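> Next come the chains, spelled out residue by residue.
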Amino acid sequence: MSGDRRRTPAARRPSRLRIWLLRHLQVALASLGRLARSPLSSLMTILVLGIALSLPAGLHLLLKNVQQLAGHWDGAATISLYLAPETGRGEAGRLAERIRRLVGVEQVTLIDREQALEEFRRLGGFAGALEALEGNPLPHVLVVRPDPAHSDPDSADALLQRLQGMKPVELGQLDLQWVRRFQAITEIARRGLLVLAALLGMAVLLVVVNTIRLEIQNRRAEIEITKLIGGTDAFIRRPFLYLGLWYGLFGGLSAWLLVSLSLWLLSGPVARLAGLYDSRFVLAGMDPATVAGLLGGAILLGLGGAWLAVARHLRDIEPA
Amino acid sequence: MIHFDNVTKRYPGGHEGLSNVSLHIDPGEMVFLTGHSGAGKSTLLKLIGLLERSTRGQVRVGGRNLTRLRRRQIPYHRREVGMIFQDHRLLYDRTVFDNVAMPLVVAGLGHAEVGRRVRAALDKVGLLNKEKVYPITLSGGEQQRVGIARAVVSRPPVVLADEPTGNLDPELSREIMQLFERFNQVGVTLLIATHDLELISRLGRRTLTLEQGRLLRDSTA
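Residue numbers (numbering that gives the first Met the number 0), protein chains in the order written: chain A, 0 to 319; chain B, 0 to 220.
Since the hints were made in silico from the structure, they are not lab data.
Keep in mind it's a predicted model, so treat the numbers as computed, not measured.
By construction, the Cβ of each residue, glycine as well, lies at the ideal position given by its N, Cα and C atoms.
Honestly, I wouldn't trust all of these hints.
To be verified - Among chain B residues calculated to face chain A with C-beta under 10 Å, some are:
{"id": "1", "residue": "E51"}
{"id": "2", "residue": "R55"}
{"id": "3", "residue": "P74"}
{"id": "4", "residue": "R78"}
{"id": "5", "residue": "E79"}
{"id": "6", "residue": "G81"}
{"id": "7", "residue": "F84"}
{"id": "8", "residue": "L108"}
Bound-form chain A, shown alone (with noise of 0.2 Å):
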């Protein structure tokens, strides 16, 4: 009884809160009207921002795709240990048994010196000189391959360290090189694209800026107006704040879509190329955590070029 006697008064009179959250939903519908209202000019507006962000999206998933595909390289860097000429076949094998009980070891396989040189024979260009030789100039071969968690540079490094003081290895060898020269090219394409994201990030931002600077004048008599009348920045700001939220939005989710497209496009092409390679590599889409990031930083950018253009606008115009 009490409590429906309290409720009574608040249900007449809808509280100072509700009336804002309603008004800023009323703001928001209206600019999202407002670029109704003119869908050519919002369309070819929100498209610009969307393949300006759609740029940074897809080197994005490239580049994820690239490391991904490397990480399906096995071996991406092995261990060659090179036995000393006189060993035997099966000492071979007891040392091939040692290392694999090793830590930080997946695989060793045996490259026998008669194998060897049978692929040599087969090979071609190197039959005349094997046949000048006497005997068989190989040394048994082991090739270790680290598990993933020690394939790293440094970890790979030690691991060959170890391998190389054990007997009968004469020398070893870390094929690092292309493994270094491959980091340090994602490297660059990782930078390259912060410099071209950060490059078109303020790209979206300036076409925000003159969107909404062009909106301002547009709306110049309303907002002189709306100032004589007792309207505080705050709400003069608010529908072009929400405008820019709407154009970040939008732009994000063509963005997404263009990027989407594109992945289709590349879809099958990519599998018949992973067919040929016998891969079965697939190319990575969007997950929800890219898509909420690209969304998010455009909505921001939107948000952030509105706030720009109304802070250096709107107080150049009042009434007179």
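For chain A, the structure is supplied; the task is to place chain B on it using the hints.
For chain B alone, coordinates are given in the frame of chain A:
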């Protein structure tokens, strides 16, 4: 209600819009402001509405010292001062209702309250049946009445009018003045700038006469 203490307004370039003006208007007064164009009528009104600030001297409205009012507080001051202009200053892409509703929306009133008050204001100026039309379809006199409805809808204690009958024929001017007298009867302080001396003399109200920025005469008829 309105106090001017030795107020001077000098524009960039040295021209003085107002020179050392002192005046005092009590709450509930209806006062006319007259003088040739360029005498400083508009400047005086603009100082009250804080469209401009005085160069020297003090302006107080309703106990509020406008000289010291910070920029952020200007909107709250303007909500207490209804302003009416010769050129109406309506928004032509909005209906009459939406134009009149603006001061209430700006002040953050609820939907139902806005509707009720807008209709009451439109009823007072005799335009209740025009709430859904666009101002461009209205006559000059009707547009002016929309402007008046907008100025009084939030029931400000002070209403300023700058040449409200400037473009209207005598008949319409008389109607507008009757409207102002009705507002004055419910306690609104009115300051009306006009050069229609015939109208002023017929109404027999206190009249301030400005000449070249100086207060020439303060006559209670």
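> A separate judgement is required for each hint: does it hold in the structure or not?
Now the hints, each set against the structure:
Given the 10 Å rule on beta carbons, the hint for E51(B) holds: about 8 Å separates it from the nearest Cβ of chain A. Nearest Cβ of chain A to the Cβ of R55(B): about 21 Å, over the 10 Å cut. The hint is violated. At a threshold of 10 Å, the smallest CB-CB gap from P74(B) to chain A is about 4 Å, leaving the interface hint in force. Against a cut-off of 10 Å between C-beta atoms, the interface hint on R78(B) holds, since the closest Cβ of chain A lies about 4 Å away.
Taken as an interface hint, E79(B) checks out: its beta carbon lies about 8 Å from the nearest beta carbon of chain A, inside 10 Å. The beta carbon of G81(B) is positioned within 10 Å of a beta carbon in chain A (closest approach about 8 Å), and the interface hint is therefore held. For F84(B), the suggested interface contact is upheld, since its CB lies about 9 Å from the closest CB of chain A, less than 10 Å. With its C-beta approaching chain A no nearer than about 8 Å, L108(B) sits inside the 10 Å limit, and its interface hint holds.
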